[in-house]
Amino acid sequence: MAIIKASTLLLLRRSSSSIGARVSVRSGYVLSSPKRSNACRRFASSPAHAHDHDRPTTLPPPNSMPDRYWMLASVIVYGPIFWYLTQPGDTVQTSVHDVEQAAEHVVDQVHEVTIPAAQPQAPANATATAASTSTPPPPPPPTVAAAPVLPSEPPTVEYVLVGGGTAASSAAEAIKEKDPEANVLLITEEVLVDPETILVDEPLYTVITSKENEHVSLNEEHAEKKTITTIVEDAVKDVKDAVKEPVKDLRNTVANTLPQALEKFKEAANTGKVALEQIEEEKAFPPYMRPPLSKELWFEADPGTLRFKDWNGKERSLFYQPEEYYVQVDNSLAPLYSPNSEPTKVRFLPRTIVSSIDPDEHCVFLANGKAIKYSKILIATGGTPKRLDIFDSVPAAAQKHIHTYRSINDFKFLEGQAASEKSIVVVGGGFLGSELAVALAQKKKSGIKVTQIFPEEGNLAMAFPRYLTKWTSRRIEKAGVTVKPLSVITSVMPVNDDKIAINLKSGDQVVADEVVLAVGIQPNTHLAEVSGLELDDKRGGILVNAELESRGDVFAAGDVTSYHDIALGRRRVEHHDHAVMSGRTAGENMTGKKKAYNHLSMFWSDLGPEIGYEAVGVIDSSLSTVGVWAKGNDQPRPPENAGEPASSSSVLPVDGKPDEEYGKGVVFYLSPEKQIVGVLMWNVFGKVPLARQIVKEKKAFAEINEIAGLFNVHDSV
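1240 is the number that the working numbering gives the last residue of the sequence shown; the numbers go up by one with no jumps.
Among the hints, a few may not be true.
[Claimed, not checked] Simulated restraints on C-beta separations:
# : residue 1 : residue 2 : range
1 : G836      : K967      : 21 to 31 angstroms
2 : T679      : E865      : 11 to 21 angstroms
3 : E681      : H1087     : 20 to 30 angstroms
[Said to hold, decoys possible] As a list, the in silico PhoX-like pairs of lysine-lysine whose alpha-carbon atoms are at most 25 angstroms apart:
# : residue 1 : residue 2
4 : K909      : K1028
5 : K1022     : K993
6 : K868      : K945
Don't read these hints as lab results, they were simulated from the structure.
Where is the CB? At the ideal position from N, CA and C, for every residue including glycine.
Please take these sequences and the hints and turn them into a complete structure.
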């Protein structure tokens, strides 16, 4: 481009003055998306320098034959260049991050650029003498240091892991165990703004001003200069206007308005310095455990340390690995072009959106326009908390009081709210909603009021038999939670912009300072869908084979996978245990092991320090159940190694009644064929291997009497 500009100047200098007046081109930066290759730049003529067709001009005849030759040369050379420069760029497919990055590019280009104050124009009949004594032109603005030149081809990484959760971390560990110096890159999609909660009044980015028209004296002529700061409010408004109410596809919405916004930024850069204030960024955390966010951390004296004591008293960090386990990579990807200086560590690329994968070319494309070649790739993108339309209809100003719950930042915010006299409503009666309600209620010394609202007749009604559901609700109320079952929300409205009023079908109204939606998650399958991978239309998730492979060298693990369970058929589960084991299996298979995923996952939950349960298989209240219970108070949790299969004892299954105590017991879930497909162990611990064996062997209802004795329900601990 420098050669083109130099040639242009030379031609224009030798051409007649009228040609020079007519031809003026300024190159501008335009983003374009990759076409299955590395990102590219295109340059186009700037509208700021378009010719003024309304002003009459006179073209004098050329003065000499050489001028005619120079004119002809200008047409021959300049014509193809002008045609090339005016060709449209590719369609931009981008996100909020692209808007910010594009704005940052403009800032870099115009940083500390000063524009001379406007000089008074000379009269039309000014003499040559006046022209000879006029002020010399100001010096050109300082040049911007060029970014380091990177190869045109994308960098190559052996193993790329997309996702910042348990499955990706487990896969990384498995790969490093096989080859400690394997080249592993973990890309976390922990973005700055949740696309599901973008609202009109929440700025995507904010443009701020410094001192406007600030006068400074520069150089020995003391020419007055102005540092002009432009507020690009129109560009912000264009993007915000396109984001009407909560949007489902923020990336495409912003993509449609990005070109216009960039033009305004370029115009601002042409007139002065543009300064941007980024929205407050969430810290980019390496992979961490999610279960303690609604369990153990709430019962720690100093939860801000993100350390907790496990059930056996062992202190643990929320993070799977210490910070020194990772080598962070910046968005330029420059470090990926060189061998890892610390090969035993995992490279970590945070806050990066992966827009698509090309399985045939073994290439992953990032939303910032860059690309990375891979040998094997894992998709472990997890899920996004679901929202309810009735809450999305609340005006934008009040949306700051409506939250979902899944991340460390969510925990820190809610834990801070629980330290004051706040009223908090938890919407949802499932596992997370019930855990969170109990966890918040244990902060009642601060004056907090906790209410739980759900449409079912009791807590965990979708999982537990009816009698256990009602008993659980009573225990949660005893813990200090106001439980409102059978509650259908009819409307939601703000109250004085600092509270939320929830109206119920029963006529009741609940007013809260903060509302937490705990109504499940939606698997993040967008990346797989745009990459042409097969999805499970019935269960959701990415369809994988027995080795957790979706396409050649493309694996998936964790919440986002629909896999074949050897005992229960095709499933998609959202269990921590499944994320750990599927991530490990996928990691091993990425290194060439070809191992079938035969793990029957389990899950556990705690409702405060007194009630804990573990489960294996299908835990669904729509199935027939048989419960075996020991009457009396709740039993403490036994040591980890307790619970080897004991000898049989004569234990008869009993039917539960709502007014009985259910401190310790086992519930068996039966398929229509009367086979045991699920086992719920209530305050019975150390029996997960036994439960797995029962489900895998498809034990029948007729064997329950004998099987129940193996769980030692009546034994005291």
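Status of the hints after comparison with the structure:
{"no.": "1", "hint": "G836 x K967: 21 to 31 angstroms", "verdict": "holds, 25 angstroms"}
{"no.": "2", "hint": "T679 x E865: 11 to 21 angstroms", "verdict": "holds, 18 angstroms"}
{"no.": "3", "hint": "E681 x H1087: 20 to 30 angstroms", "verdict": "holds, 28 angstroms"}
{"no.": "4", "hint": "K909 x K1028", "verdict": "holds, 22 angstroms"}
{"no.": "5", "hint": "K1022 x K993", "verdict": "violated, 30 angstroms"}
{"no.": "6", "hint": "K868 x K945", "verdict": "violated, 44 angstroms"}
Violation of the numbered hints given earlier is confined to hints 5, 6; the remaining hints are satisfied by the structure.
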